[in-house]
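**Student:** Input sequences plus hints: build the corresponding full structure.
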Amino acid sequence: MKKNICLTITAALWLLLFTTYTANAQVVYLDAGEKVDNYPKVEWLRGVPLERFEKDKIYVIELWATWCRPCIEALPHLSDLESKFGDKVVFIGQNVMDPDISKVKAFIARNEKLMKYNIAYGGMEDSDFYKNWMKPSATIGIPRTFVIQNNTLVWMTSPSELNERVLQLLVDKKFNIEAAQKLK
Amino acid sequence: MNLKQLIKYSAAFILLLTSSLGLYAQNTFSINGQIGKYQQGMITVRYTDNNNGVADSSKVADGKFSLKGKITEPTHASLTFIPADKQKIGEYRDMFLDPVAITIAGDSTLNTAKIKGGPSSTDIDALSKANEPIVKKGTDLDKRMAKAKEDDDQEKMKELGAERRQLLDEQAAIRAAFIKSHPDSYVAFGLWVRKTRGFFLPEEIEPEFNSFSVRMRNSIQGKIVTAKLEGAKRLFVGSTAPDFTLNDVSGKPVSLSSLKGKNVVLFFWGRAWFPFEPISFAITKISRQLKDENLVILSVYFDTPNSSYEWKQVLEESALTAGNIINVKDTMPILPYYRKEKSELMKAFEMSGETIPHAYLISTEGKILNRSIDLFKDPVADIKKSLGK
Chain A
281 MKKNICLTIT
291 AALWLLLFTT
301 YTANAQVVYL
311 DAGEKVDNYP
321 KVEWLRGVPL
331 ERFEKDKIYV
341 IELWATWCRP
351 CIEALPHLSD
361 LESKFGDKVV
371 FIGQNVMDPD
381 ISKVKAFIAR
391 NEKLMKYNIA
401 YGGMEDSDFY
411 KNWMKPSATI
421 GIPRTFVIQN
431 NTLVWMTSPS
441 ELNERVLQLL
451 VDKKFNIEAA
461 QKLK
Chain B
358 MNLKQLIKYS
368 AAFILLLTSS
378 LGLYAQNTFS
388 INGQIGKYQQ
398 GMITVRYTDN
408 NNGVADSSKV
418 ADGKFSLKGK
428 ITEPTHASLT
438 FIPADKQKIG
448 EYRDMFLDPV
458 AITIAGDSTL
468 NTAKIKGGPS
478 STDIDALSKA
488 NEPIVKKGTD
498 LDKRMAKAKE
508 DDDQEKMKEL
518 GAERRQLLDE
528 QAAIRAAFIK
538 SHPDSYVAFG
548 LWVRKTRGFF
558 LPEEIEPEFN
568 SFSVRMRNSI
578 QGKIVTAKLE
588 GAKRLFVGST
598 APDFTLNDVS
608 GKPVSLSSLK
618 GKNVVLFFWG
628 RAWFPFEPIS
638 FAITKISRQL
648 KDENLVILSV
658 YFDTPNSSYE
668 WKQVLEESAL
678 TAGNIINVKD
688 TMPILPYYRK
698 EKSELMKAFE
708 MSGETIPHAY
718 LISTEGKILN
728 RSIDLFKDPV
738 ADIKKSLGK
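Protein sequence lines, in the order shown, are assigned to chains A and B. Position one of the first sequence corresponds to residue 281 (the numbering used here), numbered consecutively onward. Position one of the second sequence corresponds to residue 358 (the numbering used here), numbered consecutively onward.
Treat each hint with caution, since some may be false.
[Said to hold, decoys possible] Here are the simulated lysine-lysine pairs, PhoX-like style, with alpha carbons at most 25 Å apart:
1. B/619 - B/724
2. A/315 - B/642
3. B/741 - A/315
Hints in this document: simulated from the structure, not taken from any laboratory.
**Tutor:** Quick look at the structure:
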């Protein structure tokens, strides 16, 4: 009996070790065409938390910060797309490089009408989002928009290039970067 | 001090004075300044003489100061004035040193004082005069921009932004005209020579260089340009890439010539480059997207012997560990072009702090196919084009 417990504990330890190991496996390169399975660990401030991307869903992730003026200017545009494609596409406003989460929360409360989608807080250079998303995608400026379909990052772009016609291409499973760029 | 000592010191002083007059008269400059009588503090002149940085300071008492030094040839300099009163803001001013007696005269700040000196001062005056309308327009534009910002008028901001870009173009045109009309001016040459920092196209630079006077072409900066041009010509598309051997991570020597039969992306880099992420991203992109091509990346890492960076750790962090990347290291700091401490590899590929990071594409036969792979925009497309694909 004692032995059995020991074995169970060892197994549990191994499992723990294994899961922490896989969770810490760093993403080293994130570019159009690369597979993406997990969403980095972030703090969800609004909407449905996302841990793993689902194969049959489309995701639009837009990086923003409270200090980034062009990011703020793009917020209504994302809400607008959400109201039209919300049933087919998951929209995430991913806050990054904002040191103070309370300021981010206050900003969201003030601009509730502008941000009708999922919002997460990422953090600074030591955060999981920075290490596993921003660094491997060489994101050194925001706003930046990431589009994911079929567990694949299909496009890294800016809010100004993302419009209804591009989203329709994704919904119709006809998306490619060349076609999207023609719809600017 | 007794009389004997006084005589001794005076004699030494006179000797010093006459010898410097006799030997270095043509190279001595002096600055005598008188700005507002209420100004007290410290003034520092900084300049580069024969590729060495020099700084010299003088006290500013009742607005008066004097500085002197020796220069091999006229050179750009800067003046920094730090007031004794810490509440007051300091001043910075650009100028040119000619080997003459220079006067700086005014009754208020350093920036409003008039500088009189040799031919370079005259040239700076001419350029400033040509720039006057731009400065005036710029000041006015700043005011209107501040107003538009205050009103949060986005449309107006866009419009004024376009106006600013146009103004900058005008300023560049004035500078270009000044350079063209002053082929024997150290000021004009100093402005032009900035074009030759970093990677440049010799076919574009050479005719412009040749339009300067012999004196300019033989100046300290001119000689550097000549050397850079000769180097660039050795590394044209079609030339054989210089061979070299360096050790890889396991300590095994790898030579460029041992990679014959494969196309080689020869990538020179160092960790000190900031921001570094786009560079490692570009190389990983090449590594992944061209993994089925007959291509290897020879990644040459430069670092100092006692660096705080651990090479292997840098490679892991940068994800430059794929099978088609061969990492080698040259233990040599990346320094400005004129510095003599260079490895054979740096000399062979004309490298300096201004040109790194940089990547060449080398053919299966060891010939240069692309002199400068576009690392930031679309490196894969650029390589494919050079490979004729």
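**Student:** All hints are to be evaluated individually against the structure, with a verdict given for each.
**Tutor:** Against the structure, the hints come out as follows:
1. B/619 - B/724: holds (11 Å)
2. A/315 - B/642: holds (14 Å)
3. B/741 - A/315: The given pair, whose Cα atoms are some 24 Å apart, holds under the 25 Å limit.
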